[in-house]
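Numbering-wise (our numbering), the sequence shown opens with residue 69 and increments by one.
Incorrect hints may have been included.
20 Å max Cα-Cα, derived SDA-like pairs, lysine to any residue [to be verified]:
(1) K686 <-> L367
(2) K430 <-> Q345
(3) K430 <-> F442
(4) K430 <-> G578
(5) K430 <-> D381
(6) K686 <-> A672
(7) K686 <-> E673
Simulated from the structure, these hints should not be mistaken for laboratory data.
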Amino acid sequence: MTFRIGFRHFMQWILFSCCVFVLLIGHAGAGNQSPGRSQLGTNVPKIATPEAWWLVNPFPASAYWLTQCDFCTPPANAPSGNWNTGEQSQLVRDPNGWVISFGNHPDRRFTHIGAVLFNGGSERVPAGDWTVLYEGEASVDYGLQPFVQVISRSPGRDVIRITPTQNALLQIRIANINPTNHLRNLRVIAPGGRCGNDPFSFAQNATQCASGTYQAFEQIAASQRFHPMFLREMRPYGTLRFMQFLGIADGYLNADNLGAPQQSILWSERSRLDDAQWASGWQDGPPPYELLFELADVLDVDLWMNLHFWADDTFVQGLAELALQRTPGSRVIYLEWHNEVWNGAPPYGYAGQRIDQWAEAKWPTAQYPGVSSFTKRMNYVGMRTQQVCRIWREVWGQQANRIRCVMPGGPWDFPAAQALACPLYVASDGVEHCAANIHAVASAPYFGGYLSDAIGSHFLALQGWTQQPDGGLDAVFDEFASGALAGGNTALAQARSVMQANRVVADQYGVALVAYEGGQHLTPYSQLGTSCNDWNNPPACQPYRSIQNLYMQANRDPRMGDLYDDYLAAWRAESGGLFVHFAGLQLNHPQYGSWGAKEFAGQAEATAPKFSALMRHKAVLDGGQLFTDGFEASSP
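Just need the whole structure built from these sequences, with the hints factored in.
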């Protein structure tokens, strides 16, 4: 789902409190985990998410160099004026991307380069003294104060003090680079360390460890890539899905320009671990795939891998080979082509429009009843899912049974049904159908998404609720229980209907039902609801800001945890298998939704009702597992 920048127009989301765990034996082997891993997963945030505390050294997540100047007149086409003059092509770099010089272009405007960290969550970064290490010679400075203050300087080592502050960021300014000894290997090391050799142990200082066991991050950053607090937050889950991390929805490249051929990234040109800065998972491609496998090794979890729609067969094969090398025999990989191709809302819809174009080119004369551009799109999804799955299975050979190819479902039955049947592909290429070697239908049975702030929908009701003494919280939870604004169709009944629709399709093909995403779906849909914020706050925004706040507070209310209990019980009763919540760690956001089970690394469980409910669900699952032929099944 990626940081929900918008608007799931399709979502229609019973009160069911039965806690019986029933899993149809016929589906047990197809969709379940490798031995010992819970059927609870989560979606992993982007590498640069400040509140997640991903990395001990987050500098590689700065993604790219900004060309900057303080007082110059930037070029007319500068992306962001003096903040980014857009002159990156003038930079002379070494093979890993470290800048050797600024070049000698006669019209150069920029005077220094900048790298930025912690944008969008600066109030939740680790407080204290950070250590900046680097090799080479250059002028290195830091902004923005008072978020950051320089405590000490010495050649190749600075100490800066960060005071978490909302709407701030860390700017690293570099100038006067010595081209014969250019700046390189710059690291920004978080405060604190660990006790002993436990990668999950975090200590702010030596007093929190047994005598002689404290290891400061500055000394062990090369061997402890992931911050212990991030590892702790991911440890409860048996499967990690990397759709958001890889930028599957956001990294559509030029799919929004149908008049031009689709851009792509070659496997040989992907981001690498030794790059100065990693791709961010936005429009620059995915971060290094090696990070996924390294994280899985530390946590001993299964991976859910999404493939970009623009990835060619060489890219698909290269990733399959890397995955085989890096995935021990005790683990499985879920494999999904792209993400939510059915979703027409931007940015998700850009890939769908491009796939429409490709599908029309393949099946220009298809006219059986009900054929539309969307029908062709879902046939293409079925075809490409089969092709990607076949490539991976060929690469993995005798270990192909560890690949869990999934067919994407939607908020109704048609997407998965059409993709699995793929009648257009059957007619054109003579295949039987697109269900071969598919292990599961993957659905996203969110609840509450029908409660829209759009004019003509529920705006007036929501506006009235926000004027109540509690800001509308009682009204929201009463509505979820009654479904009064949906003709009596409760929030959980709507979600359960999505489960059932996809279960029917899964049963038809004898595969499992899993959830690639799920949870609550309270988020703005309207133009103002998705644009009003602290910087854009005219009087017309006031009712929308109040609704935004209501949505965020509802996600913090203990009653949301109670709803999750009933929701997850319904999932178990519908024979749902792996459930991958969206999302693990993410700040509540007024415009883009409140998706995180926790809002930041280290949040107390007592203040995270969604996380608490997920852990109760996990306890029910863990109490009902057997192991049969190396894979989990339910107890009879």
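To see whether the hints hold, each was checked on the structure:
Distance hint between K686 and L367 is fulfilled; the C-alpha atoms sit about 17 Å from each other, no more than 20 Å. As the CA atoms of K430 and Q345 are separated by approximately 39 Å, the hinted pair breaks the 20 Å bound. Between the alpha carbons of K430 and F442 the distance comes to roughly 14 Å, so the proposed pair stays at or under 20 Å and holds. Simply put, K430 and G578 have alpha-carbon atoms about 29 Å apart, too far for the 20 Å limit, and the pair is violated.
With a C-alpha separation of about 17 Å, the suggested pairing of K430 with D381 holds against the 20 Å cut-off. Restraint check for K686 and A672: the C-alpha separation of about 18 Å stays at or below 20 Å, so the hint holds. Distance hint between K686 and E673 is fulfilled; the C-alpha atoms sit about 15 Å from each other, no more than 20 Å.
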